[in-house]
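Asks: What the sequence shown shows, in the working numbering, is residues 1 to 308, in sequence order.
These are calculated hints, taken from the structure and not from any lab test.
Treat the hints loosely; a few may be bogus.
[Said to hold, decoys possible] Straight line, CA to CA, 25 Å or less: simulated DSS-like cross-link-like pairs of lysine-lysine:
id	residue 1	residue 2
1	LYS298	LYS156
2	LYS62	LYS35
3	LYS250	LYS306
4	LYS167	LYS250
5	LYS250	LYS108
6	LYS239	LYS258
[Stated by the list, open to error] Have a look at the derived ranges for each label pair, beta carbon to beta carbon:
id	residue 1	residue 2	range
7	HIS199	LYS306	40 to 46 Å
8	LEU197	LYS108	39 to 45 Å
9	GLY39	GLU242	38 to 44 Å
10	PRO280	GLU242	26 to 32 Å
Heads up, the beta-carbon is just placed ideally off N, CA and C, and yes, glycines get one too.
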Amino acid sequence: MVNVAIAGGTGDVGRTILEVLQESTKHQAFVLSRKSSTGFPNTLVADYNDIDQLASLLEDNKIHTVICALSVEGDSLESAQLNLIKAAARSQATKRFIANGFAIPYPKEALEVLPQLQVYFNGLEEVRNSGLEWTVFHLGMFMDYFATPALKSYLKPHIAAFDLENKVAAIPGDGSVPVTLTYSFDMARFVVASLDLEHWEEESRVVGDEITWNEFLALAEEARGSKFEVHYDDIEKLKRFEITELPAQKALYDRFPKEAFQWFTSIFERFTADGSSHIPKAGSLNERFPEIKTLSVKEMLNTYWKSG
Numbered sequence: 001m002v003n004v005a006i007a008g009g010t011g012d013v014g015r016t017i018l019e020v021l022q023e024s025t026k027h028q029a030f031v032l033s034r035k036s037s038t039g040f041p042n043t044l045v046a047d048y049n050d051i052d053q054l055a056s057l058l059e060d061n062k063i064h065t066v067i068c069a070l071s072v073e074g075d076s077l078e079s080a081q082l083n084l085i086k087a088a089a090r091s092q093a094t095k096r097f098i099a100n101g102f103a104i105p106y107p108k109e110a111l112e113v114l115p116q117l118q119v120y121f122n123g124l125e126e127v128r129n130s131g132l133e134w135t136v137f138h139l140g141m142f143m144d145y146f147a148t149p150a151l152k153s154y155l156k157p158h159i160a161a162f163d164l165e166n167k168v169a170a171i172p173g174d175g176s177v178p179v180t181l182t183y184s185f186d187m188a189r190f191v192v193a194s195l196d197l198e199h200w201e202e203e204s205r206v207v208g209d210e211i212t213w214n215e216f217l218a219l220a221e222e223a224r225g226s227k228f229e230v231h232y233d234d235i236e237k238l239k240r241f242e243i244t245e246l247p248a249q250k251a252l253y254d255r256f257p258k259e260a261f262q263w264f265t266s267i268f269e270r271f272t273a274d275g276s277s278h279i280p281k282a283g284s285l286n287e288r289f290p291e292i293k294t295l296s297v298k299e300m301l302n303t304y305w306k307s308g
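With the sequences and hints as input, model every part of the structure.
Replies: Shown next as structure tokens:
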């Protein structure tokens with residue numbers, strides 16, 4: 001048994017991992033938080049601007065493994081993850097570090113359209129040179145975004161490519177490129193299982209399901225019991241940061257203004273159309289832990305969207 005601290009353990013991805021880790025009897029879970037009153041047990045108050053304080057916090061609580069699941073909002077990742085890595089390297093108790101990722105292996109050229117990704121690459125560079133054993137998790141897109149609220153999830157709602165409620169699709173590219181979709185709690189189960197591995201690869205791949213958007217469309221139409229209104233947004237359109245608006249997306253604009261939403265969504269939809277969002281199953285953690293059964297797209301659609 002080792003002590004595992006989750007930075008961002010009260011957030012979306014972090015809370016998911018925390019919940020699965022707490023169910024495990026093998027390890028002791030801690031939450032690193034800027035606030036003391038999180039409502040979660042074993043909360044350690046962290047000052048991400050103070051490397052000495054962070055290092056002492058990790059060492060005093062004998063934190064063996066740090067999982068960084070900090071929010072990408074504000075300066076959280078810009079400075080906090082880098083300082084946390086430096087503190088973990090300084091702590092005599094800390095040996096392992098899971099870097100913030102939990103998405104796709106972003107291509108370097110993506111920096112041209114999404115300069116915020118520099119934070120992701122800087123984090124990997126810092127942990128690579130830290131002397132810690134480390135890994136980053138890649139899982140494609142979260143399947144949670146395509147389910148109804150009946151599917152347990154701590155992720156904030158996001159609608160892309162498919163409006164399953166209104167039976168409208170705006171498919172990126174020609175719909176023939178495989179995409180990996182992974183349920184957040186399946187991801188968390190692999191993260192917790194990986195804590196028992198004697199050795200970590202620098203990349204930990206998790207595959208929930210592999211599917212093309214055209215295959216997704218066929219399954220969605222079958223589950224919903226009727227044909228969809230279908231649009232295709234080609235790569236050139238996506239490169240102009242344009243997408244076909246889906247009816248259900250309008251409800252998201254209060255939290256995410258339309259222009260910014262379409263800009264952001266067009267970039268990530270382009271990743272699905274150019275193959276960047278496909279995670280190869282060969283060498284993935286699925287092969288290391290075959291006992292972990294993942295939610296498939298067909299099962300998700302038939303469970304949460306089946307008509308009649």
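Asks: Take the hints in turn and mark each one as holding or not.
Replies: Going through the hints against the structure:
1. Simply put, LYS298 and LYS156 have alpha-carbon atoms about 22 Å apart, close enough for the 25 Å limit, and the pair holds.
2. For the suggested pair LYS62 and LYS35, the alpha carbons sit about 20 Å apart, so the restraint of at most 25 Å is met.
3. With a C-alpha separation of about 24 Å, the suggested pairing of LYS250 with LYS306 holds against the 25 Å cut-off.
4. Restraint check for LYS167 and LYS250: the C-alpha separation of about 15 Å stays at or below 25 Å, so the hint holds.
5. Note on LYS250 and LYS108: the hinted pairing is violated, with a Cα-Cα distance of about 31 Å set against a maximum of 25 Å.
6. At roughly 17 Å between alpha-carbon atoms, LYS239 and LYS258 fall within 25 Å of each other, so this suggested pair holds.
7. Hint check: HIS199 to LYS306, Cβ distance near 43 Å, so the stated range 40 to 46 Å holds.
8. Hint check: LEU197 to LYS108, Cβ distance near 28 Å, so the stated range 39 to 45 Å is violated.
9. Checked against the hint of 38 to 44 Å, the C-beta distance between GLY39 and GLU242 comes to roughly 42 Å, which is consistent with it.
10. A hinted range of 26 to 32 Å holds for the C-beta pair PRO280 and GLU242, which are about 30 Å apart.
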